Amino acid sequence: MLVNCVAYQNGRKLADIPAEDISEYVRRPDCFVWVAMFEPSQQELDEMAEEFGLHELAVDDARHGHQRPKIEEYGDQLFAVMHTVEHGKTPDGDDELLSGEVDVFIGRNYVLSVRRGTQVGFAAVRARAEREPELLQFGSGYVFYALMDNVVDRYFPILDGLETELEQVEAGIFARRSARSNIESLYALKQKLMVLKHAVDPLMEATGRLYGGRVPQICSGMGEYFRDVYDHLHRIHLAIEGIRDMLQTAVQVNLGMISLSESEVTKKLAAWAAIIAVPTMVAGIYGMNFKNMPELDWVYGYPLSIAVMAAIDVWLYFNFKKVKWL
Amino acid sequence: MLVNCVAYQNGRKLADIPAEDISEYVRRPDCFVWVAMFEPSQQELDEMAEEFGLHELAVDDARHGHQRPKIEEYGDQLFAVMHTVEHGKTPDGDDELLSGEVDVFIGRNYVLSVRRGTQVGFAAVRARAEREPELLQFGSGYVFYALMDNVVDRYFPILDGLETELEQVEAGIFARRSARSNIESLYALKQKLMVLKHAVDPLMEATGRLYGGRVPQICSGMGEYFRDVYDHLHRIHLAIEGIRDMLQTAVQVNLGMISLSESEVTKKLAAWAAIIAVPTMVAGIYGMNFKNMPELDWVYGYPLSIAVMAAIDVWLYFNFKKVKWL
Amino acid sequence: MLVNCVAYQNGRKLADIPAEDISEYVRRPDCFVWVAMFEPSQQELDEMAEEFGLHELAVDDARHGHQRPKIEEYGDQLFAVMHTVEHGKTPDGDDELLSGEVDVFIGRNYVLSVRRGTQVGFAAVRARAEREPELLQFGSGYVFYALMDNVVDRYFPILDGLETELEQVEAGIFARRSARSNIESLYALKQKLMVLKHAVDPLMEATGRLYGGRVPQICSGMGEYFRDVYDHLHRIHLAIEGIRDMLQTAVQVNLGMISLSESEVTKKLAAWAAIIAVPTMVAGIYGMNFKNMPELDWVYGYPLSIAVMAAIDVWLYFNFKKVKWL
Amino acid sequence: MLVNCVAYQNGRKLADIPAEDISEYVRRPDCFVWVAMFEPSQQELDEMAEEFGLHELAVDDARHGHQRPKIEEYGDQLFAVMHTVEHGKTPDGDDELLSGEVDVFIGRNYVLSVRRGTQVGFAAVRARAEREPELLQFGSGYVFYALMDNVVDRYFPILDGLETELEQVEAGIFARRSARSNIESLYALKQKLMVLKHAVDPLMEATGRLYGGRVPQICSGMGEYFRDVYDHLHRIHLAIEGIRDMLQTAVQVNLGMISLSESEVTKKLAAWAAIIAVPTMVAGIYGMNFKNMPELDWVYGYPLSIAVMAAIDVWLYFNFKKVKWL
Amino acid sequence: MLVNCVAYQNGRKLADIPAEDISEYVRRPDCFVWVAMFEPSQQELDEMAEEFGLHELAVDDARHGHQRPKIEEYGDQLFAVMHTVEHGKTPDGDDELLSGEVDVFIGRNYVLSVRRGTQVGFAAVRARAEREPELLQFGSGYVFYALMDNVVDRYFPILDGLETELEQVEAGIFARRSARSNIESLYALKQKLMVLKHAVDPLMEATGRLYGGRVPQICSGMGEYFRDVYDHLHRIHLAIEGIRDMLQTAVQVNLGMISLSESEVTKKLAAWAAIIAVPTMVAGIYGMNFKNMPELDWVYGYPLSIAVMAAIDVWLYFNFKKVKWL
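Residue numbers (this note's numbering), protein chains in the order written: chain A, 1 to 326; chain B, 1 to 326; chain C, 1 to 326; chain D, 1 to 326; chain E, 1 to 326.
These are computed hints drawn from the structure, not numbers from a lab.
Be a bit skeptical, because a hint or two may be false.
Said to hold, decoys possible - Chain E stretches covered by chain D per the calculated footprint, using a threshold of three residues with CB under 8 Å from any CB of chain D:
hint, segment
1, 45-59
2, 100-111
3, 247-255
Said to hold, decoys possible - Calculated cross-link-like contacts (lysine-lysine; reagent style PhoX-like; alpha-carbon spacing at most 20 Å):
hint, chain 1, residue 1, chain 2, residue 2
4, D, 321, B, 268
5, A, 192, A, 89
6, D, 70, B, 291
7, B, 268, D, 322
Everything numeric in this text was worked out from a predicted model, so none of it was measured.
Glycine included, C-beta positions come from ideal geometry on N, C-alpha and C.
Chain A on its own, in the form it takes in the complex (with noise of 0.2 Å):
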């Protein structure tokens, strides 16, 4: 689906313009063309290949989707590929983190955007570079950035949330919160950290070829911003390898709360049977069919076993109180 195709002079909106005019527009040196598509089908994106003449391997990963977050240099054109990442819901009601796709082609004086599986649009990257022509003068390498510095930008609440769920499932495991639902939080947090992991990791490898050494023409004089990308990526990086680390250390944390908490059940149980079984015991031998057996003659024969039975038993429990077996 075409979502918006634009010619800019100078900086300053010329006119929304049909697909088929496009080629003509690119061909005039002082004109900039900016078109943004959701999910197009074939059709669409071979007319758009033909209209700015992209790379057929590049238009290939377009078409099919699923590339890995990438930059690449076909000639003097870039192909760029990211990963946007959004919450969703699993068929059973779980939270789950979705992965959508971004790619852009990027000429000397075009931009093209295609967007795969997410709702999320770039209208409000649009609308602030055309009341800002200043920018918009930049170029192609500008709006680059721009739409980058957007989706990068949308990580962060996700990292938010990511890292408040570790803290929930933290204070979840030292306070004997169920540890069932503990480990699956943790596996649940483990698998939208991979998501997220996914999307940021390899883009911002390839950033970090947009500045500093030989960088590709079109983003030439702007490494100051996308090191500034760059940054941002690098700061998700680490706050994920951060999560990934404290993740792996609460998984054994929690198997050893298990053992903790089975341990204390084992310890209950025993002293529970020892104070049960010992008046059984008390009274199998009261109830043995001997002769001779004076004690069963006493008047008080019977209330003083049974309070032998107790006092045996409140000694017990008092001191399975002390060695905190109760």
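Once you've looked at the hints, dock chains B, C, D and E against the given chain A.
Chains B, C, D and E in isolation, oriented as in the chain A frame:
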């Protein structure tokens, strides 16, 4: 076994030629020979080595098989080893992944592929190449790319299968399905993953040297194609690492679930032990043979004692229910 | 909040100057301005940005805070982010490590430090510098070094604290002190370690580029000083990795100790169960109502039976003692 | 012990020569001396050092043994240390891997090999070289390659043995065979793996510098041969890492199987305890001495009570069967 | 404390000289001064700094100690920090490894070594050097090598001790010796290993820069000697990593053995419980007070019942023996 031996000129099939004429065709500057073999005998391979002038060490590798994936230069020839990965059955009837081998010799105007341990050939690659003479004109470098692309494309359904398997095991772990079969599945999945990893990782590394800086003469001008293959391999590599990471966590989580379920059994055991032991103790007391036990003479002594036992047990039962031991 | 704004000439304090005069002093070639701010408002920061001509992206970073430690060049300016680490309290009253941020802008003849989330300022650094004009004469590069050295020096007592904590937990693990609190301590220690690690590691990496090969103009000629800072950071880094490694082993060892203590409880339970169950069984036998049980008529039948029970139990007790079950 | 000392000319054996004539033969430009020693005395080694003009540090290493595998240049001489790996027996009669050492000194026209702690010599290498004078003509570089190739080839059966062992342990883990012996096997396998790894990894690293960029003079022109050796070492390296990875998972999985089998024992224990405890409780009740217990006077009271006990036990038994506790 | 202060000329001892004459001797081109200090006071160190013209930052490091091992260039001077490792005792009387420090300042014609926290000095190094004037003639670079070689040589017996300890613990794990002391030994071994690792790894890294490419002036021409030291350090490094790896597996295996032994205790408990519970149940049944219980009146009722109990128990016993629960 010689599967195919065809000479091409200007991208078009010239003729199926007998093996002994190869050297003659290879000598013609505008001619190009493409040979496919399946588990050749030593003699067949030696013949090819002579016709094409292959390097002794490369032929040795192709003869013995069991090489790791690699791409080596011998002068201006290339020798590539790739692993195919296919589903198979263990003697016990379980699923497993089998690794086959494809060795490819590439010269300026010939390609020789040697297949071992895999039934699936490259007829489709040849058919497509013959339908598109404009591609075949690129010569041996293109054929090498096409073969590689084909091998790599076959990894994707395998990878998808492993991802599906992981999801099933994950579901099993938390659904309290048989812990034993979960462990076995996790281990089997790890084994399969390693087979795929051993096919993918070295090949990815080797492919990374076919574009960018100094590349072998045969591959020059095709950098974007080999980068595309590298990219696919890198994607699989990342997915494998992701599965591996989740698997490790899954093994530990499964361990936690086993401990947890043991803990639950112990609690149940303790609860029922108490429920049975208390009446036994009471019965023991009234089974004592003391002369002077007034309760024994009460008319309702017996039903009362039963009622007391039942009352204690009901109270215990609901208490255990409340603390989730039952 | 503006903490300090002082102009220096030839290493000597010239005057406390108002913020609006800064640009005037900075323009003088022999003058040097050093400004310290604490959690400045947006307006205050914007004013400084204008006076010093700071780069928009760096100012953005300083405004929002929560950057990872880094040192970036913007033309001939430097922008550094450092984390301070301080002891604090969680809402539950437990110890935790809090991370503050110090952003430093360094130009040819000015230094601007922006402090966030930490009470401890750099008055000491300034005081020492003013007492030693021969150092201050080195200009902004020296001040940058002095600030950095100060921040890094504050990591050492934190690190010492973590090492002491590890030793205490280690002692606890083997002294059979409460396993639960050991686990919690291990986890809390890991959390603190990660805070320190996130402060130290990126800064170390960044500092490594301030000496040796190509260094920023401002730092040139001070390589040995920055190497010294790097060296301190590297030492802390190694210590952190050492603690991390020991922590991981400690978590597993603790798990082993828990299993072990569970095992000991089970043995005790088994031993006492046997000691109680055997007399119960014997008593049960002599409680049977068979007509013909000769022992029942013996005069010393009862004491004898008690003696047998006691003998068996004493034997059991010493046997269990011998195999260390009791 | 001097095993062999032979002078060659033009690839053909000239004569077995006494040790003291070596320096004379080495001085002749067209001559080539190949010496093999087995655990030489200090004096023998010193003599050789003098005859060949070996570097003091290299001779020191060869004298003391226990070096890590390495290849070092001393001027235009090479000094290589390789480890052989052989099957042996521990004092307890268990299988273990023993590490021997081969030190090789290579000069322009001599090769000196010093063998320690391994019975298998290099007679086969020499025999083959003498049969193929066209190879021996290549001189010391070729002999070095041939020795290395021979040592590396001997690693393969060792590796195969370890892979077979892993498969056997894997089978044992899931076949519920003795968990104790599984653990011991896993640990023993890990120990053997480390022996092989310590032989292979440093040698692989060192061999990687014998082809490609700047190579020692002696090895020049033989790059493809040394790459082949490197390749074999890399293959073994990958296989070792694969086994290590599986071993780690296997240890954890085995832990899971132990927990699981403990859990099964606990369930069985609980089930049988219930089956025995319930009749005991019922019997206890009818063993009470209340005057007024109507059931005691029923004619079929006794068989009825037995029937009730049996019925409850049968019901319990099948229920436990159903939930797989029995 | 000044241990030694000697001037040498042409490799021969000239005289023991007082500290204040050092600068005079250092100024003579053919003279060479070698000073050894043990835990010097600040004043002693300052004096030396002045005599030799040492760099302030290096002197600072030497004054405070607790540096990580490193080798730094200050202009044409070298400053090296090495750790010595020695056996010591914890307050509890356990073995531990203590880390001392040796700081060495090396200039064109002087060497100053500062020893801290270790009793063992370098008298042997000096004695040997004085006996071999042809070595001492090489000057300060050679003395530096000799000191380093001496420190590194002292690591080997420590390493051997750790390897022996590992073997003992391994034996303990499988010999069912006290699991508790095994865990403690494993942890203590890990601690010792980390002390050695912190001494060896940074020094190895630093030494790697003393040969090969660009080396400090003082070390030039001695590359093979420093490579030899590097080599020894690398060997220790590999051995440490090997022990670490085995230790990690050992900790997990030990965990498995603990679980296993717990499992065995549970089985024993279950078996004996059954053997005691069954006769108790039978006795309970014949203890019931039903009027009509024909067995009670049989003459051989009592011995028969005892025989039945015994028979069941014998059967149980052998069955439990057969399945290895007993």
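**Report entry** 20 Å limit on alpha-carbon distance, applied to hinted pair residue 321 of chain D and residue 268 of chain B
**Finding:** holds, 16 Å
Query raised in the report: Taking 8 Å as the C-beta cutoff, is the stated coverage of the segment 100-111 of chain E by chain D satisfied by three or more residues?
Result: violated (count 0)
**Report entry** Stated coverage of the segment 247-255 of chain E by chain D [criterion: 3+ residues, CB within 8 Å]
**Finding:** Per the Cβ count (5), the hint holds.
Query raised in the report: residue 268 of chain B and residue 322 of chain D: Cα distance at most 20 Å?
Result: Holds - the C-alpha atoms of residue 322 of chain D and residue 268 of chain B are around 17 Å apart, at most 20 Å.
Report task. Would you check the hint for residue 192 of chain A and residue 89 of chain A, treating anything up to 20 Å between C-alpha atoms as holding? Result -> holds, 12 Å
**Report entry** Per-stretch coverage check for the segment 45-59 of chain E, three Cβ contacts closer than 8 Å to chain D
**Finding:** The restraint on the segment 45-59 of chain E is violated, since only 0 of its residues have a Cβ under 8 Å from chain D and three are required.
**Report entry** Satisfaction of hint between residue 291 of chain B and residue 70 of chain D, Cα-Cα up to 20 Å
**Finding:** violated, 93 Å
When the structure is compared with the earlier hints, violations turn up for hints 1, 2, 6 and for no others.
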